Amino acid sequence: MFLGKVIGRVVPAVICEGLAGVPLLWVQPLDKNSKPDGHPMVCADGTRMAGPDEIIYWEASREAALTLTPSFVPVDHAVVGIVNDIQIDPVEERP
Amino acid sequence: MILARVAGRITSTIHHPDMEGRSLLVLDKIDPEGEPTGGYIIAVDSVGAGPGETVLVLDEGNGARQILGGADLPVRSVVVGILDYLPG
Numbered sequence: 233m234f235l236g237k238v239i240g241r242v243v244p245a246v247i248c249e250g251l252a253g254v255p256l257l258w259v260q261p262l263d264k265n266s267k268p269d270g271h272p273m274v275c276a277d278g279t280r281m282a283g284p285d286e287i288i289y290w291e292a293s294r295e296a297a298l299t300l301t302p303s304f305v306p307v308d309h310a311v312v313g314i315v316n317d318i319q320i321d322p323v324e325e326r327p
Numbered sequence: 075m076i077l078a079r080v081a082g083r084i085t086s087t088i089h090h091p092d093m094e095g096r097s098l099l100v101l102d103k104i105d106p107e108g109e110p111t112g113g114y115i116i117a118v119d120s121v122g123a124g125p126g127e128t129v130l131v132l133d134e135g136n137g138a139r140q141i142l143g144g145a146d147l148p149v150r151s152v153v154v155g156i157l158d159y160l161p162g
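If you read the protein sequences in the order shown, they are chains W and H. Using our numbering, read the first sequence as starting at 233 and increasing by one per residue. Using our numbering, read the second sequence as starting at 75 and increasing by one per residue.
Don't take each hint at face value.
[Unchecked claim] Below, simulated BS3-like cross-link-like pairs (lysine-lysine); rule was C-alpha separation at most 25 angstroms, straight line:
{"id": "1", "chain 1": "W", "residue 1": "K267", "chain 2": "W", "residue 2": "K237"}
{"id": "2", "chain 1": "W", "residue 1": "K237", "chain 2": "H", "residue 2": "K103"}
{"id": "3", "chain 1": "H", "residue 1": "K103", "chain 2": "W", "residue 2": "K267"}
{"id": "4", "chain 1": "W", "residue 1": "K264", "chain 2": "H", "residue 2": "K103"}
{"id": "5", "chain 1": "W", "residue 1": "K264", "chain 2": "W", "residue 2": "K237"}
[Said to hold, decoys possible] Across the chosen pairs, the derived CB separations fall in these ranges:
{"id": "6", "chain 1": "H", "residue 1": "D105", "chain 2": "W", "residue 2": "R241", "range": "38 to 48 angstroms"}
{"id": "7", "chain 1": "H", "residue 1": "T85", "chain 2": "W", "residue 2": "R241", "range": "38 to 48 angstroms"}
{"id": "8", "chain 1": "W", "residue 1": "S293", "chain 2": "H", "residue 2": "E94", "range": "14 to 24 angstroms"}
{"id": "9", "chain 1": "H", "residue 1": "G108", "chain 2": "W", "residue 2": "P322", "range": "12 to 22 angstroms"}
{"id": "10", "chain 1": "W", "residue 1": "R241", "chain 2": "H", "residue 2": "G155", "range": "35 to 45 angstroms"}
{"id": "11", "chain 1": "W", "residue 1": "V242", "chain 2": "H", "residue 2": "E107", "range": "36 to 46 angstroms"}
{"id": "12", "chain 1": "H", "residue 1": "L160", "chain 2": "W", "residue 2": "C248", "range": "45 to 55 angstroms"}
{"id": "13", "chain 1": "H", "residue 1": "P91", "chain 2": "W", "residue 2": "H271", "range": "24 to 34 angstroms"}
{"id": "14", "chain 1": "H", "residue 1": "E107", "chain 2": "W", "residue 2": "G253", "range": "22 to 32 angstroms"}
{"id": "15", "chain 1": "H", "residue 1": "P91", "chain 2": "W", "residue 2": "C248", "range": "18 to 28 angstroms"}
{"id": "16", "chain 1": "H", "residue 1": "T111", "chain 2": "W", "residue 2": "H271", "range": "29 to 39 angstroms"}
[Unchecked claim] If the Cβ cut is set under 8 angstroms, some of the chain H residues that face chain W in the computed set are:
{"id": "17", "residue": "G82"}
{"id": "18", "residue": "I84"}
{"id": "19", "residue": "S86"}
{"id": "20", "residue": "V100"}
{"id": "21", "residue": "K103"}
{"id": "22", "residue": "D105"}
{"id": "23", "residue": "G108"}
{"id": "24", "residue": "Y114"}
{"id": "25", "residue": "P125"}
{"id": "26", "residue": "G135"}
{"id": "27", "residue": "G137"}
{"id": "28", "residue": "I141"}
{"id": "29", "residue": "V149"}
{"id": "30", "residue": "R150"}
Keep in mind the hints are simulated off the structure, nothing from the lab. Predicted model, so just to flag it, every value in this text is computed and none were measured. Note that beta-carbon positions come from the ideal geometry of N, C-alpha and C, so glycine has one too.
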């Protein structure tokens, strides 16, 4: 899983069977210091509660579709959870 | 599987129902000398790894579901071991 920031919503006019009603979010991937890292992408929202400006974590590949019901749907990126806090240990404090 | 070092953790209260109670670690990927390669990954902890520890990470969904249980668990990356030391 990786971090991302929701930068918008995507509203499809027509979508394939199984994805009707699934929220689609425009997500900017982030590095572990919350800096943008790579190109934005569209994620299905497995939490159904994420919105613009929220920091989320997302999963790619087959596991992304498992956030949805039914899970046999053509989805390759999905939001798994909304991040409350990212705690990165200072390097000098690591053993 | 890949080698990584525990860099921190993330907390989340709103998440997929199958993620309830799971510990999420932020991991720096490392090379065979133990130096960070620049990449990171967020993985579910299954072994109780702590800050700074060098860990073994499974990055494959079917194995992850076998370890953590749950046929529909949307997780691909799991910490499956803690290394004592890196030989060589």
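Hints, verified against the model:
1. K267/W - K237/W: Holds, at roughly 10 angstroms.
2. K237/W - K103/H: Roughly 22 angstroms between the alpha carbons, so the hint for K237/W and K103/H holds.
3. K103/H - K267/W: 17 angstroms, holds
4. K264/W - K103/H: Judged against 25 angstroms, a Cα distance of about 12 angstroms means the pair holds.
5. K264/W - K237/W: 12 angstroms, holds
6. D105/H - R241/W: 38 to 48 angstroms: Holds, at about 39 angstroms.
7. T85/H - R241/W: 38 to 48 angstroms: 25 angstroms, violated
8. S293/W - E94/H: 14 to 24 angstroms: 22 angstroms, holds
9. G108/H - P322/W: 12 to 22 angstroms: Given a distance of about 18 angstroms, which is inside 12 to 22 angstroms, the answer is holds.
10. R241/W - G155/H: 35 to 45 angstroms: 40 angstroms, holds
11. V242/W - E107/H: 36 to 46 angstroms: 43 angstroms, holds
12. L160/H - C248/W: 45 to 55 angstroms: 47 angstroms, holds
13. P91/H - H271/W: 24 to 34 angstroms: 30 angstroms, holds
14. E107/H - G253/W: 22 to 32 angstroms: 49 angstroms, violated
15. P91/H - C248/W: 18 to 28 angstroms: 24 angstroms, holds
16. T111/H - H271/W: 29 to 39 angstroms: 21 angstroms Cβ-Cβ, so the 29 to 39 angstroms window is violated.
17. G82: Given a least distance of 4 angstroms, the restraint on G82/H holds.
18. I84: Holds - the Cβ of I84/H comes within 8 angstroms of chain W, reaching about 5 angstroms at its closest.
19. S86: 4 angstroms, holds
20. V100: 5 angstroms, holds
21. K103: 11 angstroms, violated
22. D105: 17 angstroms, violated
23. G108: Since chain W brings no Cβ nearer than about 12 angstroms to G108/H, farther than 8 angstroms, the hint is violated.
24. Y114: Since chain W brings a Cβ to about 4 angstroms from Y114/H, closer than 8 angstroms, the hint holds.
25. P125: OK, holds: P125/H within 8 angstroms of chain W, min 5 angstroms.
26. G135: 5 angstroms, holds
27. G137: 11 angstroms, violated
28. I141: Not OK, violated: I141/H not within 8 angstroms of chain W, min 14 angstroms.
29. V149: With a minimum Cβ separation of about 6 angstroms from chain W (threshold 8 angstroms), the hint on V149/H holds.
30. R150: 5 angstroms, holds
Hint compliance for this structure: hints 7, 14, 16, 21, 22, 23, 27 and 28 are not met, and every other hint is.
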